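Keeping the supplied structure of chain A fixed, place chain B upon it in accordance with the hints.
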Amino acid sequence: MNFIIGTAESSDMKIIYDDTNVANIKIINLVPEIPDNLVNDKIKYYLIKYGLSNLSLIIYYYGANEWVIESRIEALSNSFH
Amino acid sequence: MSLIENKVFLYVPAYKPNFIENAIRINDKLNIILCLEDGTPDANKLEARYLVKHAANEYFKKTGKKIIVRINAIESDIWKEDIKVTIDSKKVSRIRVPKVSKPEDIILIERYIESLNCNLQYEIMIESKIALDNIEEISKSSKCIYAFTFGASDYELSIRNGSIDIRSDLLNAREKLGGFCRENNFECFDSTFMNYKETELFKIDCEFSQKVGFTGRSVIHPLQIDIANKIYSVGRI
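Residue numbers (my numbering), protein chains in the order written: chain A, 1 to 81; chain B, 1 to 237.
If we strip away everything but chain B, and leave its shape as in the complex, we get:
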């Protein structure tokens, strides 16, 4: 399945070479996202960048596909190093940008990438209510936005204090994001489902997700891959 058709993404901690190699072995079923953000402890972030750089080359050599990298958020002081080192391989297709809240976040990243004489596509992570409220403005900030993705854990944190029914608010947020992406023709990737052993619940959740406009999903465990592939492979409904 080519990268264009396959909309299932496996997060791999970028500081673990054995995890990366295992992911490369099952590459035909999914796309790999090497995570420099929450998946990599602070103490390992410098080393992880170089693993990403060389893993991208290795992945391309073995599969002909380019890798996706989740960089650290703008609010960190290390996102520039993430981009500078990892795109050195020229085998990174997109960056997944976490904790975006306003269009200026994307403009800042784009200016930096342009200063490196590169161009990349972005997957914008919507992880807070303020980001979702700003989605229209964010979507206009760059022509390089390929997709929006939903970050449920951080979104939940952002609404926890003011929410009466968190579950309902999360479902509403996913409907709003999926609907926006459907209307504006963006790819839309849903959040990870942490209870990977609950495969039947995961299937039901993917069916809801697709119905409201999502076109793919991030997964955290091989048990989830075939389920997600089957549901999202039919395309947007």
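One chain only, chain A, in its complex shape:
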């Protein structure tokens, strides 16, 4: 099973989930003005909050603000129901 949450548009974030791979979180920051560690910390915070930090995810970050990051991750968590 795999699915995609979000888009590659500016101010958004795209999450690709693939359950055929081993658990691994890969975050790709496509906004050079924002340091990678800030992006990683924020995204990982919400992955932990919603219990998703042990999944196989590729996350492309396109400048999403915090409320968008949380929205996309909460949507992902509800996609399994």
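Please keep in mind that the hints were generated in silico from the structure rather than gathered at the bench.
There could be a bad hint or two in this list.
Straight-line C-alpha distance at most 27 Å; calculated DSSO-like pairs for lysine-lysine [what the hints assert, rightly or not]:
#1 K45(B) with K49(A)
#2 K42(A) with K90(B)
#3 K42(A) with K91(B)
#4 K26(A) with K44(A)
#5 K61(B) with K99(B)
#6 K44(A) with K61(B)
#7 K26(A) with K45(B)
#8 K176(B) with K129(B)
#9 K84(B) with K140(B)
#10 K29(B) with K66(B)
#11 K49(A) with K62(B)
#12 K90(B) with K80(B)
#13 K14(A) with K84(B)
#14 K80(B) with K140(B)
#15 K90(B) with K49(A)
#16 K66(B) with K80(B)
#17 K45(B) with K42(A)
#18 K143(B) with K84(B)
#19 K91(B) with K14(A)
#20 K66(B) with K42(A)
#21 K49(A) with K66(B)
#22 K143(B) with K65(B)
#23 K45(B) with K44(A)
#24 K61(B) with K14(A)
#25 K29(B) with K197(B)
Please read all numbers here as calculations on a predicted model, not as lab measurements.
For chain B alone, kept in the frame of chain A given last:
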């Protein structure tokens, strides 16, 4: 301009975070309606609910105002999820309910909202002849009805087969709805005007709309905002 005074509404597709953020930036001129219905494709509806939930919080944090959400119609099987997820933020002031045709539609929604221990106000979309014919009964179905709004595109579809003069029938429908709301003291919001580049025609249409009883309008483009604000800000005439 506070939410109470400002009767201009911008539809924003709920699945587009950049559109939502742009709308929040111009919030002082209008109210935002996040659209989960026609403005959001089926494939994006689940994600869009969570964008609405968190956008409502963000909007409130930045402006002190609550958001309006257009949910999916009763005939869909997803309107309950729309309500359940989006009101979780507690920053939704009203829901705009599309394709209402009879009082039972509102009673069903109200029962569901009450089961969630919430209360909300409703904006009821009149989008068919049958709905307009039932407006008196619909208006009595709940004490939480804040406004009626006219949905011209779907109304036109509902009369297309039997109509000889669609333009005239649409004008008559708006007069009937505006007149009913005026007599019964409901707010009444007119439909979107799709040719946003035709600003002079839009102005004339808003003047007609206000004359027949409408107190505000939904817009689809920033070009329309100042025109609508100027005309509807004088209140009901």
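List of violated hint numbers, smallest to largest: 5
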